[in-house]
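Student: If you want the building blocks of each chain, they are given just below.
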Amino acid sequence: MADAPKLVNITVNGKKTTAPAGTLLIEACKQIGIEVPSFCYYPGLSLQGACRMCLVEIEKMPKLQTACTTPVAEGMVVNTESEKVVQSRKAMLEIVLANHPLDCPVCDAGGECELQDMTYTYGAAESKFIDIKSHRDEQQWSPVVFFDRPRCILCYRCVRVCGEGMDVWALGVQNRGQGSVIAPNKQDHLECEECGMCIDICPVGALTSGSYRYKTRPWEMNHVGTVCTHCGDGCLTTVGVRRSDTGMEIVRCDNRDKSGINGDFLCVKGRYAFDFAANQERITQPLIKRDGKFVPATWTQAIELVADKFKQVVQKDGPQAIGVIGSNRTTNEENYLLQKFARLVLGTNNIDHHRTADFPAFAKAISENKARTASMRDVFEAPAVLLIGNDPTEQHPLLAWQIRNNVRLHRSKFYIVNSQAIKLRRQATQFVQIPTGAEARFVDFLSGNDAAAGTLTQAGASNENLSQLRDALKGEQNLVVIFGSELRGADISALVKFAAPQNAKFICLGDYANSRGAADMGLFPDLLPGYATFAGAARYQQEWGADVPALVGMDLKQMFGAARDGKLKALYVVGSNPVSRYALDPFVLQAPFVVVQDMFMTETAIAADVILPAAFAYEKSGTFTSTCGDLQMLRKAGDVVSVKSDFEIVVRIAEKMGYDVRKLVPFGKGLRADMGQSRGAQSGEADRHSVWLQARGLEPKVSPFDPLATLDEIQRLIPGYDVSQINLVSGNDEHTQLVQIQNASIPSHPELVVPSNDTLFTSGTLGRYSTVLNSVMERRATGKEVAAD
Amino acid sequence: MAYLVSHPDEVKVISSRFGKGAADIDRYLELDGYKAVQMALQMGSEAVINEVKASNLRGRGGAGFPTGMKWSFVPKESAKPKYVLCNGDESEPGTCKDRLIFEHDPHAVIEGAMIAAIAVNAHKAYIYIRGEYRYLLEIMQKSIADVYARGFAGKNIFGSGYDLDVYWHGGAGAYEVGEESALMESLEGKRGVPRIRPPFPAVVGLWGGPTVINNAETLASVPHIIMMGGQKYADIGTPKNGGTRLFCLSGHLEKPGVYELPMGYNLKKMIYEVGGGISNGRKLKAVVPGGSSTPVLTADEIDIAMDFDSVAKAGSMLGSGGVVVIDDATCIVKFALRTMQFYRHESCGWCIPCREGTDWLNKTLTRFHAGGGLAKDIDNIRYLAENMLGRTFCPLGDAAAMPTIGFVKKFREEFEAHLEGKPCPFEKHGAISQLPVMSH
Ligand SMILES: Cc1cc2nc3c(=O)[nH]c(=O)nc-3n(C[C@H](O)[C@H](O)[C@H](O)COP(=O)(O)O)c2cc1C
Ligand code: SF4
Ligand code: SF4
Ligand code: SF4
Ligand code: FES
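Chains as they are written, first to last, in the working numbering: chain A, 1 to 789; chain B, 1001 to 1440.
Don't read these hints as lab results, they were simulated from the structure. On a predicted model such as this, the values are computed, not experimentally measured, just so you know. Warning: the hint list may mix true and false statements.
[Stated by the list, open to error] What follows is a list of derived Cβ distance ranges for each label pair:
(1) B:G1189 x A:K60: 52 to 60 Å
(2) A:V106 x B:A1172: 57 to 65 Å
(3) A:L409 x B:K1035: 30 to 38 Å
(4) B:K1240 x A:M61: 21 to 29 Å
(5) B:D1026 x A:M61: 51 to 59 Å
(6) B:F1200 x A:R377: 34 to 42 Å
(7) B:Y1148 x A:D117: 58 to 66 Å
(8) B:G1229 x A:K6: 58 to 66 Å
(9) B:A1312 x A:K60: 18 to 26 Å
(10) B:K1269 x A:K6: 35 to 43 Å
(11) A:L409 x B:D1026: 31 to 39 Å
(12) A:R377 x B:Y1148: 55 to 63 Å
(13) B:G1189 x A:K63: 29 to 37 Å
(14) B:K1255 x A:K63: 51 to 59 Å
Backbone N, C-alpha and C define an ideal beta-carbon position, used for all residues, glycine too.
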């Protein structure tokens, strides 16, 4: 590590302070609570000095200086509020407003516009200028991006975030002088990643989004911070919702408060593909199949029917005749509850989910080697990153952003081994292209099998490249190793074994928002939560006060096989579409009683006897575990009439089946157990405890539908999950460490791993119901080459 | 080919080869060409810099920075290659001297650039020529080809063991690209907008390497300095303002043209004797002494020495040597408008005060001159210009603001004479009946 830069002494507005040499003056001022106004300055992007808003007075310099480009120097004496500075700022605003259309009353940015705020704080109320303003009509550049030239103040943030941040370079500046205009580099349209970063970063309303423009005023919305529902990276997002006649309408998603692991980043899915929630085809009523046709039913009817049937099957055919398939998109609490429901209420280990990565093998490899997993934050800070397989630009946009910006801002090293010339190679220190499917052989080569090199060279890499890479990797301390679902089973162990001695940390890439959570919560026929084998069932049985069925259950494919053979009598599918994902024969679902909890009439739902309309991520609370193992809290943005969270549905079914829901959801227990010392209160001071809870936004868990009660249990039981709940509730990420799992006999089933193969513009089954994603893809299909590469 | 003028007061140094066919390399050699560069190779870097320091040569591009000192700022050791850049983007209204050098004595520029390269130990020199000067670019291309053919450039020049490549580059037609950092962007193939400074070019310039950038006339002076010795050159001018410079006399003069006069030559004399006095027997109203960016001088402010320090003392700038003479039949408002049209057109658009300020000044002055002026406009014009001054990203904003402030300050009564529907006193047309509508 380089030595910390030395501190220099500066004086700002009479306040003495110190800052590391090289710090920009604007940042040094921020440190001591002095705001220097700025438009073009944006932390993490290149410096411009273009807007001249940040001019300040520095002693011994005759002219005003831009605080955004001036590094602090020893003895610098600065005045940010002198008469000259204040006057200059005011004039600068007058000048920028001279040609501004002042259409604030209808502008999307109204109320959250930096130009408005700046004018309010520093500006003049009157205009001296009477000549006619220049005008240009607005333009649509893509389904997502609209541009209103007159509002643009040419701060170049959009150009930079697209180029430097996204490495897409779709935007540029055309013409000169007053004619200067931001324009797509492909003449009149964008061929880009449609991330909307440019729109989001625009300080004014010049760039607006197709899905939000002219829809609402910012103050009409409720702003709820939660976790993105799409890929496994776990971006925080602020959902803007307003009331509608169906409960709530989501109007936009962004992360303008720069909270969480993603800062202001969101990809096209996170930013725009919330629209499936309002799709006309969404199922909003329980449906029961009668004579081959779905007919609407009440919740009471539907739950009663499901509970009766499940009970019947368990009693008549035994627990082995019923199977449960969980979801990659439901919360940890729901997944945990679901496996508990299968094991305790139904009495079966027949539970599985769509596996997109071999997390059991990963858990085993990590615990065997006492290695650690890397968080999303680590990816931005690691001195070196190795990526084997996967294409993060398409499948893990935040991960790609973190890597890119780590390389750009910290000059980290970045090694890629891939069968395709993926876009991230442009940031790579070394890119080694290997044949398709050769990832495991590459690991073999890393582990010392030089003979494997021979089978790796057909795609462009030479023996020399390979050896060079291996040597380079051996020299990298604190490396972060990231790999895709190409690596499974023992290959993961070999990789972890290779890099662990260098203090490496690891990330196993799975698809969907909570695939890691589904695995961690034990949606497996042969594993309990925390990858515990049945041999380690004791602590769960103790907690649950019930026995875990002894028999290893059926996996997802086996369940379909059993259905075909007439042995499976009932199937409960929660938020999953196995028929499509595993290309299974829906016909085999005719015989068993099939219950599907979903939002849409999927290929699996069509085969159901009962469909229960489910809420999705933004309509409920709970936690997600990102693919890196970062645990984060979901906050409910609002209710949609007549749909229920999966959590509530499961609890209701159990209750109808006559099960004591207190055993399922420790809702009373959580509260009682929390009282007293464990949370810092003295005995006999229950009042203080509830004050304490309230102060932290926590509620005593008194409802069986409160997932936080289950979070308590998860945190107690699952290794690595004993993180700060306060931090979680405050919206922060907490990394869970798999290394706490000590179990060398975790079974792995590489053959059950089916990656989603999503692109930047698809998102499993849900994505098909997003109008934005569809329109973007439609345009691409009819349009030209992808600008992104 | 431009028509050459002359006057007995001229001291011909830079122009000594003008009209003598020196664009031909053989002719240039006959006229002592490429001797100075060989001397420089003998002298070595430090001696060359000292000679140029002794000459009191100051940059002819406009700012008048001492050339020898500029060269001495270039670090001796550099991990990145060093460069010498000749600024031949000459686009300032009123300034038209570099074109004569490129036309009549292109090898002097090449030789000067080579000497600068030797002085800072650079091995590459670029000669950047204004886009509109196509015909001069052709002359330069041929000159460089000739230099290579003789083995004066490339590997081991003049058998000295020193490698030095010389390249030409044409602009794409932007005044702003004459600004040194914008020129580097342009040369690197990017949009011609200036760079943040510091770092200055001497440390981080072209492609990140230490770079000396000098005006074409500055560089063309250098071989003469080496030949005659720095002290002798310095003695021609006034203290701290060595040598001669090409003054471009234009406007309402009997004998306009480019004259080479010693630094410090009296402006009044320059107008009435060298330039032959005001044409058509009219009276002098004002003079723009150093190109369109420099503040105007009134008729009674012209008894001054034309060197950097004296003109600065008089409240203007010597600039790039473009002396624009304005007679009493000229409308200053219209002159201000014409000047602003230029800057509005040439603002690169990068920074808010210059982009918006020049545009708005242009709009206001257009309306104003057409008779739609309001009393408060006069103060607004000055207010806008004063708020651009010293606050833009590069000096182009200043270049637009300074003269504007000067016009309002010194000729306020002419502005007032245009107010509220009054016709321009200098033009025959009547008052306009409605405000003009700007279209863009
Ligand atoms: C807007 C602007 C335009 C300029 N145009 C020219 C030009 O055309 N030629 C030139 O030599 N210098 C021009 N300059 C000055 C250069 O930035 C630079 O100071 C000069 O090339 C340095 O050379 P010198 O030291 O030999 O004068 C311009 C400066 C500005 C701000
Ligand atoms: S990729 Fe497209 S949407 Fe994203 S910043 Fe660039 S232009 Fe904007
Ligand atoms: S569109 Fe917005 S972000 Fe882009 S330059 Fe204009 S104001 Fe800045
Ligand atoms: S002052 Fe600003 S807009 Fe004007 S030319 Fe310089 S950088 Fe460009
Ligand atoms: S913030 Fe400093 S110039 Fe824009």
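Student: With reference to the structure, classify each hint as holding or not holding.
Tutor: Tested hints:
Checked against the hint of 52 to 60 Å, the pair B:G1189 and A:K60 fails, with Cβ atoms roughly 38 Å apart. As the Cβ distance of A:V106 to B:A1172 is approximately 40 Å, the hint placing it in 57 to 65 Å is violated. Between A:L409 and B:K1035 the Cβ separation comes to about 53 Å, which falls outside the hinted range of 30 to 38 Å. Against the hinted window of 21 to 29 Å, the Cβ-Cβ separation of B:K1240 and A:M61 comes to about 24 Å, which satisfies the hint.
Hint check: B:D1026 to A:M61, Cβ distance near 53 Å, so the stated range 51 to 59 Å holds. For the hinted restraint 34 to 42 Å between B:F1200 and A:R377, the CB-CB distance of approximately 38 Å keeps it satisfied. About 60 Å separates the C-beta atoms of B:Y1148 and A:D117, a value consistent with the hinted range of 58 to 66 Å. Taking 58 to 66 Å as the suggested C-beta distance range, the pair B:G1229 and A:K6 does not conform, at roughly 47 Å.
A hinted range of 18 to 26 Å holds for the C-beta pair B:A1312 and A:K60, which are about 21 Å apart. The hinted range of 35 to 43 Å is not satisfied by B:K1269 and A:K6, whose Cβ atoms lie roughly 58 Å apart. Roughly 57 Å separates the CB atoms of A:L409 and B:D1026, a value that falls outside the hinted 31 to 39 Å. For A:R377 paired with B:Y1148, a C-beta distance near 57 Å keeps the hint of 55 to 63 Å intact.
About 31 Å separates the C-beta atoms of B:G1189 and A:K63, a value consistent with the hinted range of 29 to 37 Å. Here the CB-CB span from B:K1255 to A:K63 is close to 40 Å, at odds with the stated 51 to 59 Å.
Going down the numbered hints, you'll see the structure goes against 1, 2, 3, 8, 10, 11, 14, while the others check out.
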